[in-house]
Amino acid sequence: MQEPDLSVEIAGFKMKNPLMLASGILGTSIASLKKVFEAGAGAVITKSIGYKARVGYDNPTLVEVHGGYLNAIGLSNPGVKEFYDELSNSKIGDLPLVVSLFGAKPSEFKEMVSILDELNIKAYELNLSCPHVKGFGIEVGQDPKAIREIVKSTKEETKKPLFVKLSPNVSDIVKIAKVAENSGADALTIMNTIRAMSIDIETFRPILANKIGGLSGPAIKPIAVRCVYEVSRSVRIPIIGCGGITSWQDAIEFFLAGARAVQIGTAIAYEGLGVFGKIKKGIRDYLIMKEKESVRDIVGLSHGF
Amino acid sequence: MQEPDLSVEIAGFKMKNPLMLASGILGTSIASLKKVFEAGAGAVITKSIGYKARVGYDNPTLVEVHGGYLNAIGLSNPGVKEFYDELSNSKIGDLPLVVSLFGAKPSEFKEMVSILDELNIKAYELNLSCPHVKGFGIEVGQDPKAIREIVKSTKEETKKPLFVKLSPNVSDIVKIAKVAENSGADALTIMNTIRAMSIDIETFRPILANKIGGLSGPAIKPIAVRCVYEVSRSVRIPIIGCGGITSWQDAIEFFLAGARAVQIGTAIAYEGLGVFGKIKKGIRDYLIMKEKESVRDIVGLSHGF
Amino acid sequence: MVSNRPRITKVLDVIEESSTVRSLLFKDEMCSKAKPGQFMMVWIPGVDEIPMSISIMKDDQAGLTVRKVGEASTALFNMRVGSMIGIRGPYGNGFNPIIGKVMIVGAGTGLAPLMPLLEILTNKSASIDMIVGGKTMEEFIFVNKIKEILSKTESKIVVTTEDGSHGIKGLATDAILPILREKRFDMIYTCGPELMMKKVFEMAQEFNLPVQASLERVMKCGIGICGSCCIGKYNVCKDGPVFNSSKLKEVKDEFGLFKRDHSGKRVIF
Amino acid sequence: MVSNRPRITKVLDVIEESSTVRSLLFKDEMCSKAKPGQFMMVWIPGVDEIPMSISIMKDDQAGLTVRKVGEASTALFNMRVGSMIGIRGPYGNGFNPIIGKVMIVGAGTGLAPLMPLLEILTNKSASIDMIVGGKTMEEFIFVNKIKEILSKTESKIVVTTEDGSHGIKGLATDAILPILREKRFDMIYTCGPELMMKKVFEMAQEFNLPVQASLERVMKCGIGICGSCCIGKYNVCKDGPVFNSSKLKEVKDEFGLFKRDHSGKRVIF
Ligand SMILES: Cc1cc2nc3c(=O)[nH]c(=O)nc-3n(C[C@H](O)[C@H](O)[C@H](O)COP(=O)(O)OP(=O)(O)OC[C@H]3O[C@@H](n4cnc5c(N)ncnc54)[C@H](O)[C@@H]3O)c2cc1C
Ligand SMILES: Cc1cc2nc3c(=O)[nH]c(=O)nc-3n(C[C@H](O)[C@H](O)[C@H](O)COP(=O)(O)OP(=O)(O)OC[C@H]3O[C@@H](n4cnc5c(N)ncnc54)[C@H](O)[C@@H]3O)c2cc1C
Ligand SMILES: Cc1cc2nc3c(=O)[nH]c(=O)nc-3n(C[C@H](O)[C@H](O)[C@H](O)COP(=O)(O)O)c2cc1C
Ligand SMILES: Cc1cc2nc3c(=O)[nH]c(=O)nc-3n(C[C@H](O)[C@H](O)[C@H](O)COP(=O)(O)O)c2cc1C
Ligand code: FES
Ligand code: FES
Chain A
1 MQEPDLSVEI AGFKMKNPLM LASGILGTSI ASLKKVFEAG AGAVITKSIG YKARVGYDNP
61 TLVEVHGGYL NAIGLSNPGV KEFYDELSNS KIGDLPLVVS LFGAKPSEFK EMVSILDELN
121 IKAYELNLSC PHVKGFGIEV GQDPKAIREI VKSTKEETKK PLFVKLSPNV SDIVKIAKVA
181 ENSGADALTI MNTIRAMSID IETFRPILAN KIGGLSGPAI KPIAVRCVYE VSRSVRIPII
241 GCGGITSWQD AIEFFLAGAR AVQIGTAIAY EGLGVFGKIK KGIRDYLIMK EKESVRDIVG
301 LSHGF
Chain S
1 MQEPDLSVEI AGFKMKNPLM LASGILGTSI ASLKKVFEAG AGAVITKSIG YKARVGYDNP
61 TLVEVHGGYL NAIGLSNPGV KEFYDELSNS KIGDLPLVVS LFGAKPSEFK EMVSILDELN
121 IKAYELNLSC PHVKGFGIEV GQDPKAIREI VKSTKEETKK PLFVKLSPNV SDIVKIAKVA
181 ENSGADALTI MNTIRAMSID IETFRPILAN KIGGLSGPAI KPIAVRCVYE VSRSVRIPII
241 GCGGITSWQD AIEFFLAGAR AVQIGTAIAY EGLGVFGKIK KGIRDYLIMK EKESVRDIVG
301 LSHGF
Chain Y
1 MVSNRPRITK VLDVIEESST VRSLLFKDEM CSKAKPGQFM MVWIPGVDEI PMSISIMKDD
61 QAGLTVRKVG EASTALFNMR VGSMIGIRGP YGNGFNPIIG KVMIVGAGTG LAPLMPLLEI
121 LTNKSASIDM IVGGKTMEEF IFVNKIKEIL SKTESKIVVT TEDGSHGIKG LATDAILPIL
181 REKRFDMIYT CGPELMMKKV FEMAQEFNLP VQASLERVMK CGIGICGSCC IGKYNVCKDG
241 PVFNSSKLKE VKDEFGLFKR DHSGKRVIF
Chain C
1 MVSNRPRITK VLDVIEESST VRSLLFKDEM CSKAKPGQFM MVWIPGVDEI PMSISIMKDD
61 QAGLTVRKVG EASTALFNMR VGSMIGIRGP YGNGFNPIIG KVMIVGAGTG LAPLMPLLEI
121 LTNKSASIDM IVGGKTMEEF IFVNKIKEIL SKTESKIVVT TEDGSHGIKG LATDAILPIL
181 REKRFDMIYT CGPELMMKKV FEMAQEFNLP VQASLERVMK CGIGICGSCC IGKYNVCKDG
241 PVFNSSKLKE VKDEFGLFKR DHSGKRVIF
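So the protein lines, in turn, are chains A, S, Y and C.
Counted from 1, the first sequence has number 215 at position 215 by our numbering; the numbering is strictly sequential.
Counted from 1, the second sequence has number 195 at position 195 by our numbering; the numbering is strictly sequential.
Counted from 1, the third sequence has number 81 at position 81 by our numbering; the numbering is strictly sequential.
Counted from 1, the fourth sequence has number 125 at position 125 by our numbering; the numbering is strictly sequential.
Take these hints with a grain of salt, some might be off.
Stated by the list, open to error - Here's a subset of chain Y near chain S, in silico, CB distances under 8 Å, partners left out:
#1 S3
#2 P6
#3 G264
As the list claims (entries may be wrong) - Between beta-carbon pairs, the in silico distance windows are:
#4 A:E3 - C:N123: 51 to 61 Å
#5 Y:Q205 - S:Y84: 26 to 36 Å
#6 S:K145 - C:V81: 53 to 63 Å
#7 C:N78 - S:K152: 48 to 58 Å
#8 C:E206 - A:G274: 35 to 45 Å
#9 A:E9 - C:D253: 31 to 41 Å
#10 Y:K10 - A:R296: 25 to 35 Å
#11 C:M1 - Y:D261: 48 to 58 Å
#12 Y:F269 - S:Y84: 19 to 29 Å
#13 C:M1 - Y:K58: 30 to 40 Å
Calculated from the structure, these hints are not laboratory results.
All C-beta atoms in this analysis are idealised placements derived from N, C-alpha and C, irrespective of residue type, glycine included.
Extracted from the complex, chain A is given alone in its bound form (with noise of 0.2 Å):
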């Protein structure tokens, strides 16, 4: 047999495998960038970045809960100007390097797009998503209306794929998706944590310091491949499934459910670094006993049923 093809591309994006890092974790340096790509990611992507720099919440930030953690780190940054000095094409190289953004206007992705443009950057993610910070992600992301005018308008500032990353904190995930679709988002990243909490029973106080944070890791798989299954179903744009996926037996079942790759996040947590050179092993070992030439082939597979 012979060696399974493990590419995939995404909007004119070559990655070697499917497997990015998920924004936010560990993505603060190239340095620490580089190191991820190195134990095998396909592609790798900052943490998402503002126009003007924030530092977050207090810590707590993060909390471990059955199943998962909880983070409210607050969209910390250090703006997208300190950010640009911190990149640099020699730096990046050939990094298969994506940039995430945040912002509350239309104009601040823009303007961050046309600062950021001129880098080896592959594509930028937007998240429109993060569940625990007001203004800026949630109530962007489940507001039609501001999707459209930012993805519009940061594509017509530049030519690198936009990937925009949808929350799953509102009514139909459906709807959202067709709307970033329609205004041209070349994929979609479905998706980010669920907004949750925990509270200490010793001090009777929630440990967050922002109290509600976002949910991710596996307890959250179900609801993701549920996502990705129903939106891959009815937008034609290539979706990139993120969310709770921890072995190779995860990442599978997210692209029979339709995604083309797939981003890995919290199972760092649990397994290291090394856990992209173990489910990259495991998807290969797969889909050779399944005598599937690439990944590709199985990408939602299961709507067939």
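Got chain A sorted already, so can you dock chains S, Y and C with the ligands onto it with the hints?
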């Protein structure tokens, strides 16, 4: 130290302890419900009853996932008339019985209540939130107008307390909760399961016959805690917490978040009916340790921070 | 880690038991080590998931024996070597095999859970009286296998058919009375149509003998939470499928009288 | 089951180390059995959660030693017996204690992670040369305790103050050079201000001696996923806090040059 008071009262319905059996679990017959009551529940809820009989979905209707279960039973029920025959005041006795109802339109709810109301039922729970049956649950539970009409017209038909069970599959559960409150709901049950899916990677198929089901169990607990916290800060009527409660610590977390009582479902799959006794004892010991006289004293305590 | 989820396995062998009954053999560690009388939920992808007794256990393999009845059982019946099925379980309590003189009363595919029991009992019991009932000769299953197993012990088999095409003409229960009058038993095991089991139970009560009967009800979850398999205060999937005499007494208002369909509606036997 | 979650514990004892430094003792099984140099995330409910070295381990108790600096450390400093804090960890790699001749260079609360190391080393090493630096006499902590521990072995302690109020006048690093010229060491351990550690590292490089230095960066998750504590390709919380010479070389473009604030912005030392 005096024995703490575990009793709670919800819209005139007095329960000896704040633990309720969640709807759809073991709620087919009075004999089963009695057994759960004898195991230590303060109140028991029937599975959701509709106007007409429904066989529900084909199997598989249930599948385990990491941290919980997916189910798509499909609101199978014998219809209100057959169910009426199943009950009788002599059978019910003083079982603290709540009947769960689902329906597609206000007239169905009205009709069901008019049939059942003479029975020794303590309260109704309107299931406006089943996440996987078209036309009944979630479509209703996302639509403020439908909620208003159903709650108002059911309220006209009965003097018994009405609990309205809400779905987390909405953009803003607080908004929906306020609609239910303003329409006359006496309490809110928060929350039902979350739409989710599981695909078998050997056969490429969604496992549930209905493909999409509802996620319950520990995985959804932090989401339910968040919903209870947010809603209880915005409405005046009591909240009944539900979602992933498996231990006494979980129950306490819900009380602190703002729930006056809690429902237990999936935990029975992990722990059996003994879970009621264990949780009850845990709550009692906790109240003693924290020098609180009653469950009421800890409801919503986390709001102070 | 997650156990109540179908484990996909391939059918390794299909054994023709009669024109309407086949046994399927497959690899499944967990069910190969089950207790006799336990069952599994068998997923027939794209069709249904139905409860099936474990009729064969050997090495790391388990087997089921299915009669084609409706859509799901026919799909299972039509499976070939290599077909994929999903197995979860083993579920339920199973029979409690005792050491002593036992009677076993089985009919139709009710013999399926009795076969592993029989094998264990032959290693334990001094004597087994086996009564096998059926409508007609052609529908009989396992008779040769049973004879072979029983040949190892001081045991007896009685076969009854309603049309008299094999063994004694009549119902299995007709054959029991004379034996009960003659011989004292420590336990009666039974599985088959509920009305037959009810009769067995009543006769056993008369003779003051303990019974273990394996019941059937509509199953969805298989793990004791959905309530669809309820009989009295019990769930057949968890508290059963094997009911002993005292439990049978507790459910006397339902046992042999009615069951529930998939909607929960009562269906009179 | 879930380990990265604050374990609430009560402060059992508060020890005044200096006018600005206190040690808190509390019960925590896990941190009482940590490796020297590991740290914990300490939740001060309603205030903040900050990384703190484990400075005391005995029986089922652990302790921390905090200098009041900003809001969080002052809140911790002001805790009383009975106050509740939340502990998660132990985190990080910790020091690798060796058998042989070692030098330990500490300053300020940098001594905190060095104390458990010192106790282990006294049971292992033939000789310890301890250099303790500080601004002024009043700010010194642990000196008597260190002397007591060292008295058990063939060891030496050198104290330096910038104002000359105690020991040698000058920086800790000034005191090192003569000792390095005189004596050969198998390892240099250091914790304190980053510029001091940088100097120690450079001198050690000159003499071709291996170093283990415990670094500080802004920490949020503590478990190697948020990236806020990055230095080069490493995360201090997971790959550190203790960096050996080869790792220090790998991060030479950042070590002693800049760190990042809570937003990720670079801050020059
Ligand atoms: C514990 C247990 C063990 C069983 N063991 C065997 C066995 O070893 N061999 C065998 O052939 N059959 C066995 N059955 C019966 C089997 O599960 C099916 O009911 C039968 O095969 C017919 O199913 P069908 O869907 O093909 O027929 P249908 O025509 O769809 O249904 C026929 C009848 O089967 C029953 N049935 C259908 N689905 C279910 C279900 N999910 N749970 C329970 N009953 C159902 C209904 O009462 C229905 O009236 C067992 C049942 C139980 C509860
Ligand atoms: C591994 C490690 C071990 C440490 N051990 C000790 C110890 O044993 N004793 C001790 O007194 N201090 C220790 N610190 C430093 C301590 O975590 C705090 O930084 C210090 O107490 C000041 O915090 P503050 O919030 O009160 O001051 P602030 O005025 O808020 O901040 C002062 C400085 O502390 C730093 N800081 C604040 N919050 C954090 C954070 N979450 N993570 C890292 N740095 C932060 C910032 O760089 C800031 O410039 C350690 C730090 C690390 C990384
Ligand atoms: C600590 C942490 C920080 C995160 N920061 C971001 C972020 O800055 N931007 C973003 O789009 N998503 C962020 N996320 C969400 C992840 O990218 C991802 O969508 C989510 O965690 C679900 O995937 P997972 O279960 O594999 O982690 C963050 C998640 C975590 C756990
Ligand atoms: C098998 C099963 C059946 C259910 N059926 C119903 C139902 O009929 N009506 C209803 O309102 N909720 C139903 N639910 C939802 C539960 O009542 C509860 O809201 C949910 O499971 C979350 O609580 P848990 O995590 O404690 O199970 C069902 C849940 C399960 C697992
Ligand atoms: S099948 Fe669900 S309780 Fe028995
Ligand atoms: S503190 Fe988050 S990676 Fe180190």
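Quick rundown of the hints versus the structure:
no., hint, verdict
1, S3, "holds (7 Å)"
2, P6, "holds (7 Å)"
3, G264, "holds (4 Å)"
4, A:E3 - C:N123: 51 to 61 Å, "holds (55 Å)"
5, Y:Q205 - S:Y84: 26 to 36 Å, "holds (34 Å)"
6, S:K145 - C:V81: 53 to 63 Å, "holds (59 Å)"
7, C:N78 - S:K152: 48 to 58 Å, "holds (55 Å)"
8, C:E206 - A:G274: 35 to 45 Å, "holds (37 Å)"
9, A:E9 - C:D253: 31 to 41 Å, "holds (35 Å)"
10, Y:K10 - A:R296: 25 to 35 Å, "holds (27 Å)"
11, C:M1 - Y:D261: 48 to 58 Å, "violated (41 Å)"
12, Y:F269 - S:Y84: 19 to 29 Å, "holds (23 Å)"
13, C:M1 - Y:K58: 30 to 40 Å, "holds (37 Å)"
When the structure is compared with the earlier hints, a violation turns up for hint 11 alone.
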